[in-house]
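J.: Spelled out, the chains give:
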Amino acid sequence: MLHFFWWRFISLLFSLAFASIVIFFILDTLPGDPAAFMLGLNATEETIGALREKLHLDVSAVRRYFIWIGSLLTGDFGMSHTYQVPVWELIKERIFVSFPLAFYALLLSIFIGFPLGVLAAQCNQTFLGTVIIGTNQLGVSVPEFWFAILLVFIFSILLSWFPSGGFPGWSEGFLPVMKSLFLPAVALSFSRLSVLARVVRFSLQEAMSQDYFRTALAKGVPRSRAIWYHALRNAIIPLISILGLQFSSLLAGAIVIENVFFLPGLGRLVFQAVTQRDLIVVRGVVMLITFAVIVVTFLVELSCAALDPRLRKRIC
Amino acid sequence: MLFVLYFSYLYYNFLMKFHVRNSEKVRCVPASCLLKTFAFAFLFFCAVPFAQAEAVRVPRILRLGMVLEPPHLDPTIGVAGAVDEIVHANIFEGLTRLNPAGEVRASLARSWYISDDGLEYVFSLRRGVRFHDGSIFDAHDVKFSLDRARAGSSVNGQKDLFSDILSVDVIDALTVRVRLIRANADFLYNMAWGNAVIVNPKTASQNAFHPVGTGPFAFSRWVRGDHVTLVKSPSYQGPSIRLDRVDFRFIPDPAAAFSAMMAGDLDAFPRFPAPELLPRFTSDPRFSVIVGTTEGEVILSINNGRSPFRDIRVRRAIAHAIDRRAVIKGAVFGYGVPIGTHFAPHHPAYVDLTSLSSYDPVRSGFLLSKAGFSDGFETTLILPPPIYARRAGEVIAAQLRAVGIRARIINMEWAQWLERVFERKDFDLTVIAHTEAMDIGIYARPDYYFQYKNSEFQKLMKSLKEMTDPSRRRFILQQAQKKIAVDYVNAYLFQVSKIGVSNVKLRGLWRDSPLQLNDLTSVYWGD
Amino acid sequence: MSLSVEHFSLSIGKKMILQDISFSVSPGEVVVLVGESGCGKSMTALAIMRLLSEACVETGRIILDGNDLCRCRDPELFRIRGRDISMIFQEPMTALNPLMTIGNQVAEALLVHCQASHIDALHIACKTLAEVGFQGASDFLGRYPHELSGGQRQRVCMAMAIALCPRFLLADEPTTALDAVSRLHICKHLRALSVEQGVGILLITHDLGFASAMSSDQVLILRTDGILESGTKQSLSMFMHHDCVSVSADFPASFRSSLPPDPSLPPVLEVRDAVCEYVSFPSSSLFPFFAVKDVSFSIRKGEIVALVGESGCGKSTLMRAILGLETLSAGSVRFDGAPIDLSRRKVQAVFQDPYDSFNPRHRVDRLVSEPLFLLDRDRSLCSAERAILVEEMLELVGLSASDSRKYIHEFSGGQRQRISIARALILRPLLIVLDEATSALDVRSRSHILSLLSRLSSHFSMAYLLVSHDLSLVSEVADRVLVMKAGRLVEEGTTAQLFAQPSHPYTRDLLDAMRSLDRG
Amino acid sequence: MLRPFLTPVGNPGFRFFSDLPLSLLFGGVLFLIFAFSAFLSLFWLPYDVTHLEISFRFQGPSLAHWLGTDHFGRDILSMLISGASVSLGVAVFSVFIGVMIGVPLGLTAAARYHCLPDEIIMRGSDLMLAFPSLVSAILITAVFGPSVLNSIIAIGIFNIPVFLRLSRAKGLHLWESGFVKAARMCGKGAFRISLEHILPNIAPFLIIQGTLRFSLCILGEATLSYLGLGAHPPLSSWGRMLSEAQTFITLAPHTAFVPGITIVLCVLSVNLVGEGLRELFDSQRVRPRS
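Chains as they are written, first to last, in this note's numbering: chain A, 1 to 316; chain B, 1001 to 1527; chain C, 2001 to 2520; chain D, 3001 to 3290.
It should be emphasised that the hints constitute simulated quantities derived from the structure, not laboratory data.
Keep in mind that a hint or two might mislead.
What the hints assert, rightly or not - Residues from chain D shown here face chain A by an in silico Cβ test under 7 Å; the list is partial:
#1 L3219
#2 A3222
#3 L3242
#4 I3263
Quick caveat: nothing in here was measured; it's all calculated off a predicted structure.
Quick reminder that beta carbons are idealized off the backbone N, C-alpha and C, glycines included.
Looking at chain A on its own, in the form it has when it is part of the complex (with noise of 0.2 Å):
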């Protein structure tokens, strides 16, 4: 296991370098002065000026980078520009609206869309497994913000069932917070969850039509105890770097979403601090997805090769 993760493991810390770069250097570019921004309309040129000198802005490119990179090891992600907050405390605040979203949505598209994946497999001509493959084409085709407003429009406006959006915070419990990231859960999940039935759906029938499937049925194994022993365990490699990608794109892509249930998660922080030209909040952000997604696809790699034995053995 050692040569493998070794040398995974420096590939992800030179993909890390190499994005903190490219991300300082895009942001640089970014026009609009965020001095401008917080005084507002009637400021005069000197206050503007005063203020620029005070969030020093003013410092070459090169050694902003270097500051930066030297205060984001030592864990501090700098001062927000708009918001006079360290960075971490917003995004802090964020992540635990952002992961326990992202989670929630995951573990819907699973348990639904694994079983649906599972039977369309099986009943390939029959009416259910069109009426399967129909949905999920459906689902795929289905933009996430129209699916929200819809939502909205049904269950909170005409049912009330549930809150139209907002994030009462963890301190108000366990059952209001479920109950107001349950529509964003099922409008972010519902694209997911046809995504992977339908990637379940490819892998098990490539599964089904080996020659080893043949083999167990030959065997007199029963159908069902074929399809979970043999065919399900090779189809879940390819299953699992899906999830692992579904999770990333979780992470970032709810953008769309959390603007309209008006959720504080890292998407619409990462999108006001853009409107608002706070370039640190941004770099810090998009610095920490992009570390989470290289991490998740790190242990998705690493899960696929210890589940494989040929690639277990030719590891260690």
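Knowing the structure of chain A, use the given hints to seat chains B, C and D on it.
T.: For chains B, C and D alone, coordinates are given in the frame of chain A:
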């Protein structure tokens, strides 16, 4: 709740049925143990949220909706309106304050004496006032606040409010003398602004995220991106406050604001962003809709310093090409008062000059041909993010196109608009609302972004500053309004109305907003 | 108590595969079903095991112990498969689940059928594995399929099939993918099963040698149009002349080149102590793995040399080095004294899998004329000249000139191999490397290809390097034989001398295995 | 030119219509309607989209306006038709970017397997995949200003790694095959082999992946314009119609439902075409073995 249990039972035996029946066509589903976990997990994750009962409303708590979240909570830094909406008059108090009609009233200064030449003001302060952190309020705090606002390195958004102050001297613990360089009739009015509130020297630097003031409510908690909570301050001496807790919740999206009000998550929305949804509230007995005035003038700013807009005939042609009624109907669904000049109609000194720029496309075409643009010209129309600007922009672009002025619309974020239009003045036309009160003075500033440099108007503004007699001031204001209307500096569209939606049982919310604030001192829950 | 198939016919879509076939297998009897490739032999076995895909339309009955398997529902089928009837498949490499250990896969049949506990199921599995020839089977239980060779995997499949001592065993070409030694083991075990345990065996194969070695009681011949003919054991020689199964009897006597190779001419191919080593990535072992170690030999003009060895002995690595597809770690390969990249025109190759060696998107004329690209550097031929050359080559290999406009999928396996030869010939190379060119073909097309090669060799006096693991083919065709084992050249000599008294023990094993199979 | 791509690999008989899978037919017809309307919108529209008639506001579907009018009194049907040209245009060009940059990189990575260029290209594509696509799209449109061109670039960039990985995976597989070995023996360079042998054989997979990415790009464009970062007002776009109609959902629900359903139908049609093509190519790829 029952529905969910039934649904998951269905889902559970749907899966089990497959496991047992081994029909030829439909093969069976995987082993039952794993199946059960799927069903129960599904039950847990879907059913739990339904279990929550309907939240009951506690009488002495107020949940207020707001569109924009303030970047910070210190009114003396920057000029973001959202800061004043929360803290002004609730957490912080100034020497003076405005009543709903916009007249100056006493606040921290109990009374004041003005010298004959208007250069010296002596304020006597209220006794026994404490800051929320317990420290006593006295003249030194007033001197510190005023000196801090007018200092060279100050980052106060409205710094020119204090530009006339020569010196601030403490006479005794409860009296302060302020000497001015030149007479300024608006000085007391200016002291009522959010930027002129009195802060405690010890906590001044932390006011951005932990404000400490002398007002009726103290700061409790700020969940960024969601809400700010204020609680009743025990040390407040003023009139009795009948609210224990106030939540300011930030909902930028108009549809979300509407669904929050309809779903009962909010008690009031003082400045409701979506006028088009008001019919739904007026027809609903649970809500009352209050339409008041604001200080916001929506104008089509024209870059007077750039051709072809240097020629007054072109500017006049633009003014005549625009039908204010259609713009108001299209942009704010009728909730707006047409204006002919850059002045608030509810102000006594207002002169109705809409006839000068009435909707007359024929004259507009004639003026354009006289100015040498018989087949019109290309130009750009920059629109900032707010919805009223984007909608008004589209209506205006269509109307201008009718007379041959082909305007290409460019949508911009706030930061970009400020940098390109406001600072670099690199624009042709833009739609913007000027929300500051009594801001006709901006036409006297030569460096202002519509680059209107007119010495006669600047002399008018100087004389207004020195004039204290009210009738003379009203005459000067009317002359100023006529001047900028006749010069067609901009195309003046309409005054933004303050659309307040609130629970029918809520009493005491202000109808108009002379300043951008939500004074909650007089708010209480009725029967 | 017999397994009988009565008036069974099978069709997929509009294509009739089996037409009204009837036969029966009684316990202890060995029935051999022979037929050309693609005539539906495997479909018969799958039909009996009820493993056909949904698209098949069947009529007729398959009777086992009185009840008709065609009408059985899934639960009864699950009980019957594995316990009464079991099957061994053709491709051992993909027949085992790569993620499950050998022990679990064999024990699974026991777990499912007789609800045995996991431990004693593994115990029985270990016993069965020992039965099929694994020495010290217990340490194999924990190993995974990818750690075993082809022969070992096929033995595991057999263990799975016979774990529950079924009364009938269907074997669908069990040995085609294996080399001689393991083929011999499989044959011994099958014979032991039928004689000692009274298991009825239906053996499906197209390899006549193996069929005669099984001393079968009944031989059935399945023709391409799906009609079955039955023959008795005594008339074995009769179906030797059957047009669809003619054996090497009609080998062209004149194959071997008449005149002995002239020693004075410089050798066409000269390989000087070639070394090819792999440092396989994760193996932390100190010494690198040597695929080829100090191999030296030479081939003269017009000579036919065979390179023989078990799979995995490095002969394909050496061949790739000769063709210039891989670089040698040390040593040199010379054509007429020049290194490979200057003399690409002098060597061409014919590959093993006809379905994989042609780009499906190109027409035949473009495929065959691809080597002409080498000429483009010095004198480029115009399209008319190319067309003539291509048609000439196609006629030479026995195809019609009109075939040049067709796509490759319109040809059978044998025809494709002819096109491959045409492609190799177009530049008149000095040496053609045949990488097991005939092993993927059935008997009839193999013999046609070999006769074509012999005609071309005598006509153009070309040298052949025949890479193969099939000794019977080598003994008929080659002038000289090189035997390789674990990357080294263990023996070299003329065919007659090597077959008469092999000096190296390994060659002796190879020959014994081949002879025991032929004698039957 | 298409002949080599569509030549069947497996079954000889390729009867055109009756053989096509149902989803391809249904999806194809639906997509042709959208494509034709997008093309039509360049020349003719039932009503002028730029003319605002406030008094005609919020009319339900009627004979004059088949799908009713929106909050500015514009005809929703003509808005959808002109929106189709923007959405399909953006999707086509962003897939084009993805293919033009992704495929060559993928093929070079496959050709130079296990040496430096392959590693660099793969690490680069992993990094691109790691970037949150929507956040970066917002950054790009915010930095360079919202416009059609910027949304094409913003969406197109994230197609590159997808095509890159697909063409590398399929390419690697083909480099092991016999006809590539034969080509290498004829002295052809990696570039020529990739062009003549590898590309035609991975074309079917690229086409299928292309249709899937096409549908995702349509959704991407709709999301960007919903956030206000897509096309500018004179150009109407489905996403912006939705974001504007969101506040009127209680007043005039059809203004919100109709654009949503149009997006769903367009993306569904493209997905069905993709599914049909996959079935077509799978059925062909099965090789008759002895």
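J.: Each hint needs a verdict: does it hold in this structure or not?
T.: A quick look at each hint next to the structure:
Hint status for D:L3219: holds, given a least beta-carbon distance of 5 Å to chain A, under 7 Å. Interface restraint check: D:A3222 against chain A, minimum CB-CB distance 5 Å, threshold 7 Å, status holds. Annotation: interface hint on D:L3242 holds; nearest CB of chain A at approximately 6 Å, less than 7 Å. Hint status for D:I3263: holds, given a least beta-carbon distance of 5 Å to chain A, under 7 Å.
Going through the hint list in order, the structure satisfies each hint without exception.
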